[in-house]
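Colleague: Okay, here's what each chain looks like letter by letter:
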Amino acid sequence: MSPVIQLALAVGEPAAPPAAGPARGPVPVPLTGAAAVAAAAREAGIAAIRLLDGVAAGHVLDPTVVAAYLAGLHDGLHDGLHAGLGYIAEVPTTHNAPYNTARRVLSLDRATGGLAGVALRAGGSDEVSQATAPGPHAAGPAARWSEYAHVLTRLWESFPRAALIGDQEAGVVVDDALVRPVDHEGAFYRVAGPLDGPSSAQGRPVVVADLGDPDVLDVTAVARSADVVVAGRERAAGADAALTEALRRAGRSRKEVALLGRVEIAGDDLGPGDAATAATLAGELRDWAREHRLDGFELVPTGGADAVIAAIRALTPLLTDTAGSPASPRPLTLRAALSLPDPAAVAA
Amino acid sequence: MSRRLHLNVNILNAGVFGGSWRFPGTDGTASYTIEHYTSIAKRAEQAKLDAVFLADGPSLDPQIRHRTANNLEPTTVLARIAAQTERIGLIGTLSSSYNDPVELARRLGDLDYVSGGRFGWNVVTTAGAVAARNFGRTSEPGHALRYRRAAEFTEQVVAAWAARTALVSSQGRPVVVQAGGSSDGRRLASRVGEVIFSADQDIEHARAFRAEIRAGAAAFGRRPEDVVVLPGLSTVVGGTEAEARARRELLDEILPREYARGRLAGQLGISLDGLSDDEPIPPELLVAPDEAGGSQTFYRMVKAIIETERPTLGRLLKKLSGGGGHRIVVGTPEQIADDIELWFRTGAADGFNVMPDVLPSGFDDFAGHVVPELRRRGLFRTDYEGTTLRDHLGLGLPDAGPYELRPLEPAL
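If you read the protein sequences in the order shown, they are chains A and B. The opening position of the first sequence corresponds to residue 270 in our numbering, with each subsequent residue numbered one higher. The opening position of the second sequence corresponds to residue 595 in our numbering, with each subsequent residue numbered one higher.
Think of the hints as simulated: they come from the structure by calculation, not from any bench. Where hints are given, some of them may not hold.
[What the hints assert, rightly or not] Calculated cross-link-like contacts (lysine to any residue; reagent style SDA-like; alpha-carbon spacing at most 20 Å):
#1 A:Lys524 / A:Ala535
#2 B:Lys636 / A:Leu342
#3 A:Lys524 / A:Ala613
#4 B:Lys912 / B:Ile864
#5 B:Lys636 / A:Gly440
#6 B:Lys642 / B:Arg894
#7 B:Lys912 / A:Ser608
#8 B:Lys636 / B:Val696
#9 B:Lys636 / B:Arg597
[Said to hold, decoys possible] Cβ pair distances, simulated, as ranges:
#10 A:Ala456 / B:Val762: 36 to 42 Å
#11 B:Ala805 / A:Leu601: 54 to 60 Å
#12 B:Glu878 / A:Ala411: 54 to 60 Å
#13 A:Leu587 / B:Arg969: 54 to 60 Å
#14 A:Gly294 / B:Ala738: 44 to 50 Å
#15 A:Ala411 / B:Ser870: 55 to 61 Å
#16 A:Gly294 / B:Ser633: 38 to 44 Å
#17 A:Gly294 / B:Thr976: 48 to 54 Å
#18 B:Pro818 / A:Ala400: 52 to 58 Å
[What the hints assert, rightly or not] Simulated coverage check for chain B against chain A, where a stretch passes if three residues somewhere in it have a Cβ under 8 Å from a Cβ of chain A:
#19 658 to 671
#20 695 to 705
Beta carbons: idealized from backbone N, C-alpha and C, even for Gly.
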């Protein structure tokens, strides 16, 4: 199976360059540059753009807003060869009540025809939930992440698509017997549900868990709800085995989750004249993926829009098996692009 | 410069009437697709309207079996509309009760930036136990608390926008829209509202309301012209008066009955069980508006109708037609333009938040026939003169505050 590629991108305004040395990590790309990056990513066969939140090197625009905007710009390309690029918005638990996050991400997923996901970042509470939080908060961000992600997946199933009937003759919009509250009561949140809109074309939005950010999540915490797990260089070794075991304990199979290796690509390393550098790097990465049984890569280029586009164009064809083959139609949903099966129903 | 009429279209899912989604020739579930909203927004931009308006609440309407409801989160819808349009303003409703002000200020400020300065925030408080239960509560917060929190919340958000130094939008910061008709709501409107989305059946009352809001704004040190009052207006347009009336009759016929009774009972906070359609509603069932829990604006309006007209239940349901109590005008494009002109010229409104009977067809009729008639009368713009929502509304960028930021009270 060809490796899956996800691109990490921050969109916003770079900070003024520091006096000494370049900033570490991704630099925000302006909105216009982001549109060009998205077009290049789609052309290169990248599955999804993960829109980062809160990077060190500048001010980042809200990823859910940027995802909705960029996906809207390319609406006209929705049919044919260049159809649907996925968008994964980073959303922290901090400052976001789960019901609001669930609605926003599902709205995005429905608007894109099933091409959206959320990279849920571990963090703290929000002002609304805090006021009635059921228990004390000693358990920490990993436990909060698990509960939060579980609430999201349950809410996303609370109003099945099949319930939307629209029988004008009978005067029935929704078969409300199929719409069920979730009545979640956990250590951090109490959420009744159901959501106000039906589930999406891909069943439910994709949940991305990043084991390196902010370094509090482990495979056990994410096993119940994650569809994609991202591991950095230092965490990739052994991740497959640990994830397989954690998924087994959660009643899931390794096939239900894509494990991606995170790769930072520095500045202007991969310009048009650097074909040899790109080939060497791609070879190393493919070896790395084989060795650690990774399903693909999350590319994190650290330059501006031009450098990001150059990196995508130079590297992506060398990492996937599609180089030189006739363009095949893109998968219709993000789950399909990530080679994930339809999601199994979530147990309460 | 002479006063200019302002027009928004409220894309209230399938239309403002309870039976809109059943209207012949209408796709009953179109309002569950994003294209419904983007295509109406494009049409509104062609008609040079000030803005599209999205109502919202963070819950599933318990009446969902019988009528379509809002079902897409406004900031994601408006960001997509922003990508596919260039000028039309984008007003979204977001709850002050159930959002974290830090997150909301950032997201809405970013949407304003991304849209090129076209965003307006309709500040609402969220009533009802159904929404409360989605946020860890068991019952709705009290009316006074909700409005106290809304004032504190809005001031925090506006202060956060004013403090931005990066990613500042072309209009400086979003426009603050406010809708409450209660005494608490009117005070909030006078203090921070730039666009007031009101609900009024009666032109005298509307004139008094607008005068009160403007005087209240002046009392807070603001200029009265920095507040734009836009009553909701449900429109039923026909090529002839008879056609319009027939359309209205048809909307009554296709109104799901269970929906109409259930909604009215919910609005009034009383039980209508056992009351038949041909019995009058006993006025003693109704408490004073400030003691009513839910939306006081609609409560007041419905109570006034019951007290002055003494309608039977069936007649009242027909009059409201499941539309939630906004004023309904039925007629030819000329008649509707006459009504709009009268309200505008006599100080009852600065324009309207137009709520077409059926979407998209009712809006197509409004944009295609009523707007050109208003233009012929020199009341409405022939093209945009600026690029931002503040430009369209003739609003400058007033100083933000200074506010005394107080600790926010949770909506409990």
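Colleague: Would you mind marking each hint as holding or not holding in the structure?
Modeller: Status of each hint after checking the structure:
no., hint, in the structure
1, A:Lys524 / A:Ala535, "violated (32 Å)"
2, B:Lys636 / A:Leu342, "holds (14 Å)"
3, A:Lys524 / A:Ala613, "holds (12 Å)"
4, B:Lys912 / B:Ile864, "holds (19 Å)"
5, B:Lys636 / A:Gly440, "violated (30 Å)"
6, B:Lys642 / B:Arg894, "violated (33 Å)"
7, B:Lys912 / A:Ser608, "violated (53 Å)"
8, B:Lys636 / B:Val696, "violated (32 Å)"
9, B:Lys636 / B:Arg597, "violated (26 Å)"
10, A:Ala456 / B:Val762: 36 to 42 Å, "holds (40 Å)"
11, B:Ala805 / A:Leu601: 54 to 60 Å, "holds (56 Å)"
12, B:Glu878 / A:Ala411: 54 to 60 Å, "holds (58 Å)"
13, A:Leu587 / B:Arg969: 54 to 60 Å, "holds (59 Å)"
14, A:Gly294 / B:Ala738: 44 to 50 Å, "holds (47 Å)"
15, A:Ala411 / B:Ser870: 55 to 61 Å, "holds (59 Å)"
16, A:Gly294 / B:Ser633: 38 to 44 Å, "holds (40 Å)"
17, A:Gly294 / B:Thr976: 48 to 54 Å, "holds (50 Å)"
18, B:Pro818 / A:Ala400: 52 to 58 Å, "violated (37 Å)"
19, 658 to 671, "holds (count 13)"
20, 695 to 705, "holds (count 7)"
Hint compliance for this structure: hints 1, 5, 6, 7, 8, 9, 18 are not met, and every other hint is.
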